Amino acid sequence: MEKLRRAMMFVPGNNPGMLQNAGIYKADTVIFDVEDSVLISEKDAARQLVHNVIKTVKYPCEVAVRINHITTPYGKEDLAVILPAKPDLIRLPKAETAEEIKIIDEIISEAEEKNGFAHGSIKMMAAIETAKGLMKAYEICSASPRMVALALGAEDFLADLKTTRSAHGSELFGARSQIILAARAAGVQAIDTVFSNVNDDEAFIAETTRIKEMGFDGKSVINPRQIKMLYKIFAPTEKEIDLAERVLAAYAEAQAKNSGVIALNGKMIDVPVVTRAERVIGYARALGLRKGGSTND
Amino acid sequence: MTIVGTGQAGTLESSDILITVSPAESGSGIILQLISPVIKQYGRHIEEFIKNLAREQGVSDVTIHANDRGALDCTIEARVLTAIARSKVKAV
Numbered sequence: 209m210e211k212l213r214r215a216m217m218f219v220p221g222n223n224p225g226m227l228q229n230a231g232i233y234k235a236d237t238v239i240f241d242v243e244d245s246v247l248i249s250e251k252d253a254a255r256q257l258v259h260n261v262i263k264t265v266k267y268p269c270e271v272a273v274r275i276n277h278i279t280t281p282y283g284k285e286d287l288a289v290i291l292p293a294k295p296d297l298i299r300l301p302k303a304e305t306a307e308e309i310k311i312i313d314e315i316i317s318e319a320e321e322k323n324g325f326a327h328g329s330i331k332m333m334a335a336i337e338t339a340k341g342l343m344k345a346y347e348i349c350s351a352s353p354r355m356v357a358l359a360l361g362a363e364d365f366l367a368d369l370k371t372t373r374s375a376h377g378s379e380l381f382g383a384r385s386q387i388i389l390a391a392r393a394a395g396v397q398a399i400d401t402v403f404s405n406v407n408d409d410e411a412f413i414a415e416t417t418r419i420k421e422m423g424f425d426g427k428s429v430i431n432p433r434q435i436k437m438l439y440k441i442f443a444p445t446e447k448e449i450d451l452a453e454r455v456l457a458a459y460a461e462a463q464a465k466n467s468g469v470i471a472l473n474g475k476m477i478d479v480p481v482v483t484r485a486e487r488v489i490g491y492a493r494a495l496g497l498r499k500g501g502s503t504n505d
Numbered sequence: 005m006t007i008v009g010t011g012q013a014g015t016l017e018s019s020d021i022l023i024t025v026s027p028a029e030s031g032s033g034i035i036l037q038l039i040s041p042v043i044k045q046y047g048r049h050i051e052e053f054i055k056n057l058a059r060e061q062g063v064s065d066v067t068i069h070a071n072d073r074g075a076l077d078c079t080i081e082a083r084v085l086t087a088i089a090r091s092k093v094k095a096v
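From first to last, the protein sequence lines stand for chains L and A. Residue numbers for the first sequence follow the numbering used here, beginning at 209 and rising by one. Residue numbers for the second sequence follow the numbering used here, beginning at 5 and rising by one.
No lab work stands behind these hints: they were computed from the structure. From a predicted model like this one, the values you see are computed outputs, not experimental measurements. Keep in mind that a hint or two might mislead.
[Unchecked claim] Not the full set, but computed from the structure, chain L residues with beta-carbon under 10 Å of chain A: (1) 224; (2) 225; (3) 244; (4) 245; (5) 248; (6) 250; (7) 256; (8) 260; (9) 261; (10) 366; (11) 470.
Beta carbons: idealized from backbone N, C-alpha and C, even for Gly.
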């Protein structure tokens, strides 16, 4: 089963208190940010701090770092300092071309070799934050086998579109649809944008429900408070879990018998049904609703 | 290596430490001034830790002012290294 990335929580990269405590909120991924949340004059301090914290603190979740864009004066230095600490994932903001992904892929490969890390052990994801990037979403997702997810960064994207965010979210419908399609076509996960108003739980729940229905695997969050609400929305119902377990049992039984046709209660089960069932069980295990190995290791 | 300017890194926020390094007179070695809410419990450890970091960086004849707010060693190390890098260290 694939790694769950329901809640990817941003943590400012130059704040030691927040960095050292980031693991306690049960986010599937923490994203240490050395981009927008760090002043230009503090980039050097943040990347050194993030390096040290990753090397020292044992986090119970995936650790990602959002670097500065590779074409800025900071992006390559971010990678040079942070990669030797071996983060699990590098997130590139404002991705616009497949070439950018390939450049970072090469830099990561060199760092893996130099530091004795297994090749391919450091993953990548990218955020689409411009119309130009959205037009290249599929190429960006497919540019490297390291790519595991594609995210939407709404604030910059809407500024580029010359519009603003609304309660109903129709201004993001096109981008979200295209990101889902590109991510699925490339076989990577789709992650929705942050919801900035941490005091408006009702709107957060409405938006998260909407993006889950659209097919997103998760959402970037900026406040630990949002994680619990998000997990509740992504939690399967008892009825869904029960059906998924029966589907997987029928599938396993058919495989054991080398049977090509699988049926449950008179209904044929095919691969998409099995995949959906595995996904439901993955969420159930992550939430402790069912026993079994967590998919979140 | 010798320090040729003043370099500062960190903040006075909780769990951080503000490190300021500046040149000292020739032959004075590493002069450390530490302020910390846990000076009685960890003062000696923090002092040794910072001095060792400076030595590892090959820095001598330096005054280091450390205003600690309960930082972990990994944070202290990051701030010391950044402050030294910012102080325009140059080979002599």
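Exercise. Just pull the numbers of the violated hints for me, sorted ascending.
Key: Going through the list in order, the structure violates hints 3, 4, 5, 10, 11 and respects the others.
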